[in-house]
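Novice: So you can see what is in the structure, the chains are spelled out below.
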Amino acid sequence: MTGIRWYHLALWIAFVAIMFVMPQLVSKGTLRIIIMANFLAIFAISWDVLSGRTGYISFGHPFLIGIGAYTSAILTKRFDVPLEVAMPIAVLMTMIGGIIVFLPALRIKGSYFALVTLAFMELIYQLVQVIRPDLTGGTRGMSGIKTITRGAVSNYYLSASLLIAIAFSMWLLMKTQLGIALSAIGMNEESVRGSGLSTTKLKLFAFLTSAFVAGIGGAFYVHYLGSIAPRALFDINFLFTIIVAALIGGASTIIGPIIGAFFLTFLLEFLRPYLPGAERYFIYGMVALLLYMYQPKGLIALMHTGWNKLTGAR
Amino acid sequence: MKLKSLLIAMGLATSVTLAGTASAEIKVGFIGSLSSDTGLSTLRGAEIAIEELNAKGGVLGQQIELVKADTAEDPTEGVKAYEYLAESEEVDFIISGSIDDVSLGWMPRMQEFQIPTLDTWTSYIGIIDMVVEDYDSMKPYFMNIASDEALATLYIDFGKDVLAEKMGWKSVIILQEDTAFGGAINGLVTDALAPNAGIEVVDTIVYDVATNDFAPLFSRATDSGADFIYLISSVNSQVVSSQYVKLQVPMGMTGVNVAALGQEFWEDTGGAAGGISTLSPVPSVGFKLDPVSQAFVDTYQAKYKSRPVMPHFNGFNAYHGLKQAMAAAEEAGEFNNTTWVTAMEKQDLTLKMDEEMWLRYGFWGNDEVEERTGRTYPHNVRFDITAPYDDASPSMVVIQWYEDGTNAVVYPEKYATGEFTVPSWVKKK
Chain B
182 MTGIRWYHLA
192 LWIAFVAIMF
202 VMPQLVSKGT
212 LRIIIMANFL
222 AIFAISWDVL
232 SGRTGYISFG
242 HPFLIGIGAY
252 TSAILTKRFD
262 VPLEVAMPIA
272 VLMTMIGGII
282 VFLPALRIKG
292 SYFALVTLAF
302 MELIYQLVQV
312 IRPDLTGGTR
322 GMSGIKTITR
332 GAVSNYYLSA
342 SLLIAIAFSM
352 WLLMKTQLGI
362 ALSAIGMNEE
372 SVRGSGLSTT
382 KLKLFAFLTS
392 AFVAGIGGAF
402 YVHYLGSIAP
412 RALFDINFLF
422 TIIVAALIGG
432 ASTIIGPIIG
442 AFFLTFLLEF
452 LRPYLPGAER
462 YFIYGMVALL
472 LYMYQPKGLI
482 ALMHTGWNKL
492 TGAR
Chain U
5 MKLKSLLIAM
15 GLATSVTLAG
25 TASAEIKVGF
35 IGSLSSDTGL
45 STLRGAEIAI
55 EELNAKGGVL
65 GQQIELVKAD
75 TAEDPTEGVK
85 AYEYLAESEE
95 VDFIISGSID
105 DVSLGWMPRM
115 QEFQIPTLDT
125 WTSYIGIIDM
135 VVEDYDSMKP
145 YFMNIASDEA
155 LATLYIDFGK
165 DVLAEKMGWK
175 SVIILQEDTA
185 FGGAINGLVT
195 DALAPNAGIE
205 VVDTIVYDVA
215 TNDFAPLFSR
225 ATDSGADFIY
235 LISSVNSQVV
245 SSQYVKLQVP
255 MGMTGVNVAA
265 LGQEFWEDTG
275 GAAGGISTLS
285 PVPSVGFKLD
295 PVSQAFVDTY
305 QAKYKSRPVM
315 PHFNGFNAYH
325 GLKQAMAAAE
335 EAGEFNNTTW
345 VTAMEKQDLT
355 LKMDEEMWLR
365 YGFWGNDEVE
375 ERTGRTYPHN
385 VRFDITAPYD
395 DASPSMVVIQ
405 WYEDGTNAVV
415 YPEKYATGEF
425 TVPSWVKKK
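Chains as they are written, first to last, in this note's numbering: chain B, 182 to 495; chain U, 5 to 433.
No lab work stands behind these hints: they were computed from the structure.
Mixed in with the good hints, there may be bad ones.
[As the list claims (entries may be wrong)] Mimicking EDC-like on lysine to aspartate or glutamate, the simulated pairs with C-alpha atoms at most 16 Å apart in a straight line are: (1) B:Lys327 with U:Asp138; (2) U:Lys170 with U:Glu423; (3) U:Lys164 with U:Asp195; (4) U:Lys174 with U:Asp161; (5) B:Lys327 with U:Glu116; (6) B:Lys209 with U:Glu116; (7) B:Lys258 with U:Asp138; (8) U:Lys170 with U:Asp217; (9) B:Lys258 with U:Glu137; (10) U:Lys307 with U:Glu56; (11) B:Lys209 with U:Glu94; (12) U:Lys356 with U:Asp294; (13) U:Lys250 with U:Asp207; (14) U:Lys418 with U:Asp358; (15) U:Lys432 with U:Glu169; (16) U:Lys31 with U:Glu55; (17) B:Lys382 with B:Glu370; (18) U:Lys174 with U:Asp207.
Build out the structure end to end from the sequences listed, making use of the hints.
Specialist: Structure representation (structure tokens):
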């Protein structure tokens, strides 16, 4: 492990403490918003592990999340498989999906890779509607999927614990030499290969890790929602929300996607009472665009700058 | 520092929201799309009903306030919208103009919060099946549009009575959009309509929803030798409809054409809609209205100048249904998942035309079996699928647009305001 300082751990403890006391500070309605933000943060972290680090921009992330969500939903609803069995199988299936996404990365990169991953998303969108609609629920999807727990507070603690566990694990991983090597691929893959490291193995590791997180997130997400529909999951808006959360928060970091996810989710929900219609999506898009233009490194960079100005550091 | 500011802002905003919920008003939540004709029809129907109720003193001695939650026709946004209405706004009753998968998306939240909820647009029989299978958790839910199964059953009669017997059509070619909806309706036509009406399906043409040149497809349909085209289109139906008219395709065309349900269809097709027909839930465009529903339309048209200029069927459902929900609350003394449900189950509004039953807003008894389909429809609006339709409204009607821009109901006969016909360029059999 490299670069871990005492204040990093202090910040993590503070983050956990804030998340722990949150139900005492805010209303249940706000907790529901945070739950959605927690899941978006998990998806954004998952995307960032793959795309933010290695530079292989994936437009097919809902493909992975969808495998996790649909596998667990089908197993529990159609075959009465217990949650504790269905969810690990869902994660395993998602990792197999991760290998499928990885295969094109052996030969192509850049915009070609992005387009191929987009095709994966489109493919599964069509497949779940026509292949065995008796299992997938077809175009309407499924409702009445088993939930893990009920109520805003317990669901909040569940999603927050999941987010903290994933974020902290990924942060530790990225502090290892393996994590640093992944970031190096994003900077210059040829140099990494030239230094004697197997970029194929490193990329496979990144794809599997990303899929692992997407699978866990997808499985928990569907058992929180209690319903699933292809139009909601394999949707370009869902994909863009994940990517924008990672970019606007700060790609190639762990806290960045979390900040981005919270910022975007709260922005949309707090606008709801004042702009109930489509106007809030316009504001949302404008704010995201302006922020990204002003600081491409995301909100985390803005916060660093603010902190440095405040403390007089350079 | 920024995070702290954000948290303070979040806290302040939450306080503002909570302060807003403290007033002693009955809160009605609207859930649906705020940018579609469908969603706006339900919203406006609810708004007019609330204005009229408030003018008479409100409900339970309190004024009614409407809170809107946009779903943007997205199932996940629907879940967020329901959570917002339930936990941030703490509404007493929810009226929905949601489409099928959006309603299915928020249904687990309805089961969790147990808020009395009325759906006015989705007709998915699967939701009524959920009421049958799990009455305890689904009982605050009501649907005041006839379920799609009932709609389909009556549509088969149209095939027999009109397409086969009156028009003498014996063969059909199906022109179906490449969507799951298209596939489902195709299955219905092939498996039920065609055999029951004695019509042979000679071919099926499946087209992509992005298609903008239908000339080759219409040529293929003409070459097939079929008597008529059965169109199944829910996406951009204006395009295929207007090209059918402009190309003067020499064979009749009917089917399911979602765009034709709105009064703007003529305008949307640039006046190229003559001859197009479609099934529609009631009341539809061209439907003769009873005095109460007509008064609602008059108020609607005086109040709203933007589209939809005429409420879709779900606008009527929202107007009458919301009043029934409030009447049930008066009877029960509150909104809850026990006494309100019992009171709502008993609501029964018969709207008459010339002393004859015309429209009915009541619900099937929980154990009551509909004779023709042989099943129960708890919490689904009462419908009648057997002539002479004197027990309740028919589950659907068939409407047609004529070449002069007018429209009419052409089936069933009791509700017909015009005759089913083919456009002038099509030779009658």
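Novice: Please list, smallest to largest, the hint numbers that this structure does not respect.
Specialist: 8 and 13
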